[in-house]
Amino acid sequence: MDSDVFLQLTVSGLSNGMVYALVAVGFVVIFKASDVINFAQGEFLLFGAYLAFAFIAQFGLPWSLGVLATLLTAAMIGLIVERLVLRPLIGEPVISMIMVTIGLSSLLRAVVNGIWGVRPKAFPNFIPSGEVEFLGAIVGFDRLLVIAIAAILLTVLTLFFRYTRDGIAMRAIADDQQAALSMGISIKRVLAVAWAMAAITAAVAGIMLANTVGVSHDIIFIGLRVFPVVILGGLDSVPGAIVGGGVIGLLESYTAGYTTSGLELIVPYIVLILVLMVRPYGLFGKEIIERV
Amino acid sequence: MLSLNNVEVIYNDVILVLKGLSLKVEQGQIAALLGTNGAGKSTTLKAISGLLHPEDGEVTDGNVEFEGVQIDKLPAEDIVRRGIFQVMEGRRVFEHLTPQENLLAGAYTARDKGGTDEALERVYGYFPRLEERGNSMAGFLSGGEQQMLAIGRALMARPKLMLLDEPSLGLAPLLVQEIFEIIQRINREEGTTILLVEQNATRALEIAHYGYIMEGGRVVLEGTPAELQDNADVKEFYLGLTQVGQRKSYRDVKHYRRRKRWLS
Ligand SMILES: Nc1ncnc2c1ncn2[C@@H]1O[C@H](COP(=O)(O)OP(=O)(O)OP(=O)(O)O)[C@@H](O)[C@H]1O
Ligand SMILES: [Mg+2]
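Chains as they are written, first to last, in the numbering used here: chain A, 1 to 292; chain B, 1 to 264.
It should be emphasised that the hints constitute simulated quantities derived from the structure, not laboratory data.
Treat the hints with caution; some may be incorrect.
What the hints assert, rightly or not - Subject to a maximum C-alpha distance of 30 Å in a straight line, what follows is the list of computed DSBU-like cross-link-like pairs (lysine-lysine):
1) A/LYS188 x B/LYS73
2) B/LYS24 x B/LYS113
3) B/LYS235 x A/LYS188
4) B/LYS235 x B/LYS73
5) A/LYS286 x A/LYS188
6) A/LYS188 x B/LYS113
Unchecked claim - Stretches of chain A that chain B covers, calculated by requiring three or more beta carbons in the stretch to come under 8 Å of a beta carbon on chain B:
7) 102 to 115
8) 167 to 177
What the hints assert, rightly or not - Calculated from the model, a selection of chain A residues having no Cβ within reach of chain B, i.e. all distances over 10 Å:
9) PHE59
10) LEU89
11) GLY91
12) GLU131
13) LEU145
14) LEU159
15) PHE160
16) LEU250
17) VAL267
18) TYR281
Just so you know, these numbers come straight off a predicted model, no measurement behind them.
All C-beta atoms in this analysis are idealised placements derived from N, C-alpha and C, irrespective of residue type, glycine included.
The task is simple: from the sequences and hints, build the whole structure.
The structure is reproduced here in structure tokens:
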């Protein structure tokens with residue numbers, strides 16, 4: 001158990017964690033904008049991986065174009081879902097929206113099955129998968145790249161929420177929808193942006209997974225990690241999704257590396273419950289402001 | 001500039017709240033709309049600003065005209081773009097945003113960035129306290145500061161017509177004085193036309209050019225402030241009422257909280 005092993009575990013844990021964080025951020029964006037719990041977020045991830053497979057392996061696009069096409073298609077799917085499925089439900093009880101997203105998740109899964117079948121696909125690794133020396137330890141280059149790309153994307157998102165017109169509008173809607181409406185903020189536009197963003201971030205994560213773990217339905221199980229991540233970080237917090245993703249990824253990695261196998265599936269949940277006992281809104285969840 | 005002609009408003013297809021209400025607001029003036037709890041004042045403002053739609057309310061008869069265009073069928077965002085901005089009852093600041101982010105949200109419909117910086121300067125000119133509060137969340141501002149923020153958000157959009165719903169609600173007398181002075185300044189210095197809904201009739205009539213008194217969903221009396229102040233009924237029922245104004249406004253605050261819970 002030297003520092004090499006520790007560093008390797010850290011890198012692989014963080015790279016998984018950042019993938020979780022990307023998926024979770026999409027979930028958080030939708031929840032912030034509309035209080036909808038999107039149970040189809042994991043399927044967006046799956047779709048992203050298969051779209052990348054289709055564009056790069058099946059259609060033979062160069063990887064840069066393939067990635068671009070994947071992201072554009074994902075954004076389209078996000079917009080279509082919002083327009084056709086969720087917009088008609090604006091103003092309906094939140095529970096009906098949730099039921100709809102559950103239905104949507106089965107539908108997306110069925111579409112993936114229908115188009116690509118259920119067997120795992122061989123995916124050409126377009127990210128060089130060699131090993132590099134990093135702080136004295138040997139780690140996978142693709143892992144480092146995943147961390148770097150995710151870090152950049154997550155930073156951009158954080159800045160988006162803090163400084164841009166649409167980002168501030170989204171947070172305003174999350175606070176008080178009617179007041180937001182009273183200043184001319186377009187709820188429709190903001191919801192559309194939210195769904196497109198959720199689909200895109202999930203697709204980026206999907207492309208990375210296609211590279212590191214391959215293209216198969218197992219990706220769904222990685223998608224399910226979004227729930228402990230957002231509950232840990234706080235359903236409505238972007239920084240929370242990032243930290244939550246990192247923490248869960250690292251916990252899994254360390255427990256897998258340092259203990260007998262299998263424990264890594266349980267430990268994150270134990271930590272989750274402990275955290276919730278102290279902070280019921282999650283680590284970064286929005287506190288209710290009670291002025292007296 | 002603005003006219004409501006025999007407007008009828010129904011909530012949830014059954015609750016008739018405005019029963020043929022008519023009023024006019026002239027360009028550059030402050031018009032006061034007075035009335036007791038439940039008279040339909042807020043509903044009148046929402047009928048103008050389009051905020052009825054998300055509450056399942058509808059203008060079922062009559063119409064609302066702004067600068068010669070019928071606006072009662074338009075969505076709220078279009079109405080804001082046309083230059084009408086409603087400052088809602090109960091302040092409704094975005095609690096988890098900073099004061100400055102609240103103001104930027106108010107400028108959502110204003111397109112150019114330079115204009116936004118200038119508008120921020122202007123708002124801080126009227127309300128220096130908002131600038132001092134820096135990065136603390138707006139939810140932690142005092143009630144008076146929140147009301148200033150709510151009016152500041154409206155200023156950010158540079159509206160032609162500002163609808164103010166009970167800006168003095170729940171504020172200490174000194175602050176009420178300050179807020180009313182600023183409303184008057186905004187009217188004079190920015191040339192903004194204002195429709196002011198108030199329970200505090202005495203104060204409202206001090207700064208208004210024209211006043212309407214409504215009851216049960218209709219305008220029952222209108223006139224210049226002097227005419228209204230002279231009217232025996234007004235003296236008894238409205239100006240006299242301000243004596244118990246404190247107790248009343250306390251109840252209003254609770255009433256508002258309850259309503260908000262139902263909505264959310
Ligand atoms: N969303 C709604 N659905 C059903 N009824 C409503 C709704 N909003 C208001 N009402 C009813 O319409 C009537 C007028 O309400 P409104 O809020 O316009 O009165 P107001 O004059 O602003 O009163 P206050 O001084 O208390 O603010 C009340 O009887 C109220 O119960
Ligand atoms: Mg009212």
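Notebook entry, point to check: Would the least Cβ to Cβ distance between A/LEU89 and chain B come out above 10 Å?
Noted result: holds, 14 Å
Note to self: Verify this label for me: A/LEU159 is non-interface relative to chain B, using a Cβ-Cβ cutoff of 10 Å.
What the structure shows: holds, 14 Å
Notebook entry, point to check: Are B/LYS235 and B/LYS73 close enough, with their CA atoms no more than 30 Å apart?
Noted result: Given that 30 Å is the threshold and the Cα spacing comes to 38 Å, the pair is violated.
Check: Is the nearest CB of chain B more than 10 Å from the CB of A/GLU131?
Finding: holds, 44 Å
Notebook entry, point to check: Is A/LYS188 within 30 Å of B/LYS113, Cα to Cα?
Noted result: Satisfied, since the Cα-Cα distance of roughly 23 Å is no more than 30 Å.
Check: Can we trust that A/PHE160 is non-interface, i.e. its beta-carbon lies farther than 10 Å from all of chain B?
Finding: holds, 13 Å
Check: Straight-line Cα separation of A/LYS188 and B/LYS73 no greater than 30 Å?
Finding: Holds: A/LYS188 and B/LYS73 sit about 17 Å apart, inside 30 Å.
Note to self: Quick check for students: does the CB of A/VAL267 sit more than 10 Å from each CB in chain B?
What the structure shows: holds, 32 Å
Notebook entry, point to check: Can the restraint linking A/LYS286 and A/LYS188 be considered satisfied, given a maximum Cα separation of 30 Å?
Noted result: holds, 24 Å
Next item on the list: Given that the stretch 167 to 177 of chain A was listed as covered by chain B, double-check it with a C-beta distance under 8 Å for 3 or more residues.
Entry: holds (count 8)
Item checked: Separation of A/PHE59 from chain B, once the least beta-carbon distance is taken, above 10 Å -> Non-interface label on A/PHE59 holds, nearest chain B Cβ at 40 Å vs cutoff 10 Å.
Notebook entry, point to check: Does A/LYS188 lie within 30 Å of B/LYS235 when you go C-alpha to C-alpha?
Noted result: violated, 48 Å
In summary, the numbered hints that this structure violates are 2, 3, 4, 7 and 11.
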